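Enquirer: Keeping their order, the protein sequence lines are chains A and B. For the first sequence, the numbering used here begins at 1350 and goes up steadily by one. For the second sequence, the numbering used here begins at 14 and goes up steadily by one.
Note that these hints are calculated values from the structure, not bench results. Here the structure is a predicted model, which is why all the values come from computation and not from measurement. It cannot be assumed that every hint is accurate.
[Stated by the list, open to error] List of simulated lysine-lysine pairs, DSBU-like, C-alpha gap at most 35 Å:
hint	chain 1	residue 1	chain 2	residue 2
1	A	LYS1375	B	LYS179
2	B	LYS538	B	LYS179
3	B	LYS610	A	LYS1401
4	B	LYS610	B	LYS519
5	A	LYS1401	B	LYS687
6	A	LYS1401	B	LYS574
[Stated by the list, open to error] Which bits of chain A does chain B cover? Going by a derived footprint, with three or more residues having C-beta under 8 Å, they are:
hint	stretch
7	1369-1379
8	1401-1413
9	1416-1423
10	1431-1445
Beta carbons are placed, not taken as given, at the ideal position from N, Cα and C, and that holds for glycine.
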Amino acid sequence: MNMQSKTWIEVGTLNDIPRQGARCVKNGEMTIAIFRTTDDRLFALEDKCPHKNGPLSDGIVHDGCVTCPLHNWVISLETGAAQGADEGMSLTFPVKLDGETVLLGL
Amino acid sequence: MTAQKQKLVIVGNGMAPGRMLEHLFEVSDHYEVTIFNAEPRVNYDRIMLSPVLSGEKTYADIIIHGEGWYAEHGITLHQGDKITEIRRHERKVISESGIVAEYDKLVIATGSNPFIIPVPGSDLPGVLAYRDLDDTDGMIAAAEKGGRAVVIGGGLLGLEAAAGLKLRGMEVTVIHLMPTLMERQLDTAAGYLLQKELESRGIEVLCEANTKQIIGSKKVEGVELADGRVIDASLVVMAVGIRPNVTLAQEAGLEVNRGIVTDATMKTSDPNIYSVGECVEVGGMVYGLVAPLYRMAKVAAEHLAGPSDAAFAHAETPTKLKVTGCDLYSVGDFAEGEGREDIVLRDAQRGTYKRVILKDNKLIGAVLYGDVADGAWYNQMLVSGDDVSEMRETLIFGQAYQGGGSVDPLAAVAALPDDAEICGCNGITKGMIVKAITDKGLTSLADVRAHSKASASCGTCTNLVEGIMGITLGDDFVIPAAQGMCGCTSHSHGFVRRMIKAKGLKSIPAVMQELEWTTAEGCAKCRPALNYYLVADWPGEYKDDQQSRFINERVHANIQKDGTYSVVPRMFGGMTTPDELRAIADVADKYDIPTVKVTGGQRIDLLGVKKEDLIPVWADLNAAGMVSGAAYAKGLRTVKTCVGTDWCRFGTQDSTGLGIKLEKALWGSWSPAKLKLAVTGCPRNCAEATCKDIGIICVDSGYEIVYGGAAGLHIQGTTVLGKVATEEEVMETVCALTQYYRETGFYLERIYKWADRLGYDHIKEVIYDNLDERKAFAERFRYSQEFAQVDPWAERVAGAEAHEFKPLATLNLEAAE
């Protein structure tokens, strides 16, 4: 994560993303999933589970985590870290709201 | 003892004297009892007025003593007649209607009056207190007209009134003088959580709001606050407190302070007069909760019966709010103070709050919000006054964390060698599990699953794994009685399903709140299960929660290991046409679909479809007349058939035609787990009906219906449900069986496991032997299908859930630098 040199890029509006759901942003070869929680917080992770690259954007979102649809690894939305006994990290990206506009930091 | 009975007169017919008489009749028959009751009713349970207001109970439900009880005990009951005077020197009371009654002993139980704040307009029609059944009826009548109710007072009664009126359909505003709700029973943190909960139900809460006047000319029109705000209202409920009703006692010259003063035997300043209930002041305290009033009743009864050393002593009474879904519990003293220690456990996400207050290593108070399961346990400690220093570290987590009894190790598991394979799915041996437990200090099944993966897949070895934990950990591990659905709840699937129906829970948050989920939003295990239960139990009412479905059911295709999808169009009864095949071939070409495979369920699977191509693929298949095969669904998958009498020289019935009919009737239905059928035209069983979830075996004289087969992780042949003569009976029986499974199965429980659990004989009795039941189940299935038979592909092609299928944005790399 290159926090210092990040640029905020407009990727859509809050309402484009379902609550307890995610939408993807394609950035060249990489896909970034932007998650929206029940209380409208946003998180961005690379759309790749550290286990076997499952698409996290397709998982079930609950309590600040997403469960990967392939093998049920639970990934923290905030840190990208696998929860419980599993070990691994997904890349995280800064994301913020400006009014209704979703800005992704790259 | 004299032959002549003594005369006992009771003024008031509330809960306290009612309880007193129950005790008295148990130990004595010395008395001839006369009761004067100002209310024209028998004794009813005032605590239950809130459920009457909210519509959960009726008056008849809350009667404690019916007319019969008074007759049985020879009680003279004057209803609707109040005592106006006590002539103590003559030992007589005089009623409003002029009845004069002599007494040897008198019990004053005049209760309390609601306090009406003396502001202008408080006497207008439409201003009610909340004290008795008349008030409750008045509120119910007002609620029928709709509009806004203002409840003045954010204490126990006021909030129960507010919640009840809201349930009756009114707009509700609560006005409370203090900064937080129920400040006498709750601390500010719990008060805040309560306010948030009520607000989320649409009840407006105004704290630090002082009522200036009630506005209205002929009836209530609104409430004006001291700060000038005006709230329109068609009903005002005053619930600001109660005052002991002491007028009668005062006029009779008894000692009266805040209440009628009694000693610890409940005797007033006149030795022939006792008093019980909310009108009493004993030990300098007056009481409004039922537990101390009942203790007064018992003490008074014992002294009336004869010499006794029973004495009333003050004890802390726990408070609970009778608003369904608002769980709070408080007991004892919880003010901050010198020498007091607080232990607090907050979980903002869950909205729970627990606080226990200790002094000198003893528990002196507890406030619980959201998670009140341990309330009684804390109260027990408070009453016993035991030293809690030994469990101080874990006290706040509750009773479940205090260890338990010893486990009887399972001898058979103990005897297994270390290299015995326990979990076949993951190839885990006993030795590996023991090593994981000891090396990592694991103590829960969930941890053992996470680390060793034993029993983490199909779960059939769970009992063995628990046995191994029991042996390895000894007394530190108690094998749980019933398995919770997941880490979010200790309730089992069966319990949750029963409660959804019993409590009429119709949303996932409602289930989680009412059944005290320990997480805010559940997890990937319980959410899909709850979503299924609600879909199955409330057809047409519950809105399917897409975010609680696994991705396969959300995008109507099966996710593959590389994140692409497989698409399977439905082929009813395994029949297809050249046109359908041509359309499938065209789709495969057009979208570069790498793999085309014939499935075991007699249809064609297109594998490797990119997510963004799903919608155009479906549109093309829809255009050729095909719908989703639901190959991804916990629902009806396929009905496999053989060619039957159409072609086969052995065929006995039109198995293909029946298979198509069945699939047309059943498609779209959701079930606990996938449901696969087969219809075979003769007992040679070419369609393999005898290992399906439900199978039909055609014979010359009709159709044999079998079910409960399995050919996956577990292999088992079907069991016969029964034989029927016509296709119509087949349809009805299969629909009924499916519906019974839908209504009682646990999520992900295949029909054979369900049948093992319920018993094949039992299922046969319900679905096959009992024609009325069979019809009723089939009808419920038919009704549910009205809402379920919608092709999800067509819906998505038409634009539903479009966000699932395309990226939010595609960035160009330069812009990102």
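Enquirer: Does LYS1375 of chain A pair with LYS179 of chain B here, judged by a C-alpha cut-off of 35 Å?
Expert: violated, 48 Å
Enquirer: LYS538 of chain B and LYS179 of chain B were given as a pair; does the straight-line alpha-carbon distance stay at or below 35 Å?
Expert: holds, 34 Å
Enquirer: Can you confirm whether chain B covers the stretch 1431-1445 of chain A, using C-beta to C-beta distances below 8 Å and requiring at least three such residues?
Expert: Result for this restraint: holds, n = 3.
Enquirer: Count the residues of the stretch 1369-1379 of chain A whose CB lies closer than 8 Å to any CB of chain B, then report whether that count reaches three.
Expert: holds (count 8)
Enquirer: Hint check: LYS610 of chain B vs LYS519 of chain B, CA-CA at most 35 Å. Holds or violated?
Expert: Violated - the C-alpha atoms of LYS519 of chain B and LYS610 of chain B are around 41 Å apart, more than 35 Å.
Enquirer: For a C-alpha distance cap of 35 Å, please report whether LYS610 of chain B and LYS1401 of chain A respect it.
Expert: Judged against 35 Å, a Cα distance of about 25 Å means the pair holds.
Enquirer: Just to be careful, I want the Cα atoms of LYS1401 of chain A and LYS687 of chain B compared with a cutoff of 35 Å; is the pair within it?
Expert: With a Cα-Cα distance of about 26 Å, the restraint between LYS1401 of chain A and LYS687 of chain B holds, given a limit of 35 Å.
Enquirer: Closer than 8 Å, Cβ to Cβ, for at least three residues: run that test on the stretch 1401-1413 of chain A against chain B and report holds or violated.
Expert: It holds: at least three residues are needed, and the stretch 1401-1413 of chain A offers 11 whose Cβ sits within less than 8 Å of chain B.
Enquirer: For the pair we were handed, LYS1401 of chain A and LYS574 of chain B, check the Cα-Cα distance against 35 Å.
Expert: Holds, at about 8 Å.
Enquirer: Between the stretch 1416-1423 of chain A and chain B, see if three or more residues pass the 8 Å beta-carbon test, and mark the coverage as holds or violated.
Expert: n = 5 at 8 Å, threshold three: holds.
Consistency note: the structure conflicts with the earlier hints numbered 1 and 4.
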